[in-house]
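Peer 1: Note that the protein sequences, when read in sequence, are chains Z and B. If you read the first sequence in the working numbering, its first letter stands for residue 7, the second for the next number, and so on. If you read the second sequence in the working numbering, its first letter stands for residue 7, the second for the next number, and so on.
Just so you know, these hints were derived from the structure itself, not from any lab.
Straight-line C-alpha distance at most 25 Å; calculated DSS-like pairs for lysine-lysine:
(1) B:Lys299 with Z:Lys384
(2) Z:Lys164 with B:Lys167
(3) B:Lys342 with Z:Lys33
(4) Z:Lys342 with B:Lys86
(5) Z:Lys105 with Z:Lys139
(6) Z:Lys86 with B:Lys342
(7) Z:Lys33 with B:Lys279
(8) Z:Lys167 with B:Lys164
Number of protein chains: 2
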Amino acid sequence: MNGAEAMSSSEEPYNCVLVRYGEITLKGGAVRRRLEERLKETIIYKLRSKGVSFSEVKLTPGRIIIRTEEPVKVAEISAKVFGVVSTSPAIEVTNSIDKIRRTAVTLAKLVIGEGESFAVRARRVKIYPISSKDIERIVGADILNELRGLNVRVDLTKPDKVIYVEVRARRALIYDKVVPGVGGLPAGSSGRVVALISGGIDSPVATWLMMRRGCEPILLHLDLGGFINPKVREKVGNVVRALKDWYPLPSMTYVEVPYEPLLKALIERGPVKYTCVLCRRGMLKVARLVAEKFNAKGIVTGESLGQVASQTLENIHAISRGIGIPVFRPLIAMDKEEIVALARRIGTYDITSTPALRCRASPVSRGLYVTTRADPSKIDEIWEKLRLEDVVVDCFRRLRVVEVRG
Amino acid sequence: MNGAEAMSSSEEPYNCVLVRYGEITLKGGAVRRRLEERLKETIIYKLRSKGVSFSEVKLTPGRIIIRTEEPVKVAEISAKVFGVVSTSPAIEVTNSIDKIRRTAVTLAKLVIGEGESFAVRARRVKIYPISSKDIERIVGADILNELRGLNVRVDLTKPDKVIYVEVRARRALIYDKVVPGVGGLPAGSSGRVVALISGGIDSPVATWLMMRRGCEPILLHLDLGGFINPKVREKVGNVVRALKDWYPLPSMTYVEVPYEPLLKALIERGPVKYTCVLCRRGMLKVARLVAEKFNAKGIVTGESLGQVASQTLENIHAISRGIGIPVFRPLIAMDKEEIVALARRIGTYDITSTPALRCRASPVSRGLYVTTRADPSKIDEIWEKLRLEDVVVDCFRRLRVVEVRG
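Please put together the full structure from these sequences, using the hints given.
Peer 2: Structure below.
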């Protein structure tokens, strides 16, 4: 890949990009067509928003072909569109064997270096008169012959370079590299969820994972106001922009709800050791109201079992009891190290890894302990007694909705 | 590693194994001590159950040291104990610099081959009088000198081999390889969950992920009786044994509940297109009853968003509404390809990848469709009308409990 990147645009031998998608092809009829159309649409949006030029994005059986004058760049960008398994900048030609041979040799000359080993890997549609094995032999011999002076050799098991030939009904695609794609399902194809965003490392990763699996996220941030360092607002803003960059549709919804009133009620009247559990339950309750407003079918949190005191099995139970819609916790069984690795890949790590800004309402800020074994019935009881449902509804009513574009 | 594996046991220069654990060290006082003790206990159980000999498993600050005559084997086995981040077969000696130098050279002679590059990486406790950098220089020079004839050289950025020196208060550990560990938290340290096991690829992976994060699983299989190929029982049995092998405690609970009565009720009286949603809800209801019986705090399923028709956001909502305890879905945002990769690593893929055995109650078996958008209220209504709660309780009452040992 570095070799190709080093080439100037005019030197690029490619004239198109081959885009592969995986799981979508396992779906039946109407579902598959809908997902393919959504994938095409999001690729187009992504390329436009990155300002790269292309002339066509074409659905073919099991593949998308993009015609462009910037194939290396387009292959990199489209590999990051949800649903894409891999991409290849490629040369598309008519499928006569002569044309295939000449093109493969041209590409081989550009990518195979002195002393390197190579292999030719071919596949073809059944109606093509020459077998895959024969195409490999013929093209391989051509390359050996034409690159004689460079001391190249064939190595079928662990070649330095591969020349791929994919023969279709009328055309053939010749390429040399496969850019791994992000996987998942096309953006927004699975429906809408409300995703809690805190400014920490975990929540953007959880949100991104659900987005990658086709969810449209309604990003929800509970603004702790005077209980938290105001820098958290900047973090959250940057997280929202980073996530929008992964979401190749015109607009993504961000919702902010002031949450100071609930924390005040807890500090003034609540039992100290349950503060965090009651606060987290309140957040899910707000999320539930936001979900109803936007017709979302679930809530996403960054909870990871045992990572912190509020994330024991008992506390998760006490927090989420009676929420009434599914709570998705894609990080529940991940180690911190794995979450950090994902955050780096997504691009949210640098934003969120600055020192954690501790909430001033937390018992820990006051030198006290947090329970690790909240009893759900006890939490229900306090919830009732402090009339926290009313506070939650008051907070929710003051929501601010922002459509994030770009 | 292959080099070391090829050595016969008597040639092994090592006399112990260094075990590293990660997240546990981030916990405070009592929690940390409890987790460290559990880790030690599970390592001992695992080594005994694999029949390898060892004389001591010792907790030291931030590390466990295992004394054994089979260090390479012990390092491999203990790397697979939940909570372990990595292991190294090592040579433990007193920490005099002369002893360290001699030992490092002995190890270097065994592992560094002709023409290879190497580096020495040292760390030490603060009280040790020689700095890490100086240890590296001194030991590096010794190795260069002693291996003169082999044309070896120092490469600090990308060495072929590394000699590690870890100096502690009284002893030093010298080693050359790091075996990656499975990670997570010690077995059973996070509490109990009920894990649904179907015989398919996904459910054992979901269960294993929660086990790795410290959950004690109560494995629950709903026996579909005449509605499924009897081979599924064999699959489930093999899955249970494979999971037990990862669970280094004396016993793991397996529960089987006959589920034919619920399927019969659905076939005879239920609306066809909701069969699968109602069946899945029934399974969660049984799991809830099992959770109560065993005092488990959550349910684990292998659901993955959008993978099959019953796993849309709408259907997951309709299925899990009113279950009353958290449902953990660690695979919710994973692609099939990622799940399969995990199944291979865990060792359940070969057991579960044989052709799926379709349930005869499924509408698809009868040439009909399954809904992808069940309305939760509609499902509640049918649930009531068909008195399925009673059927669930009847099924549950006929549960069979097996303690899996070994």
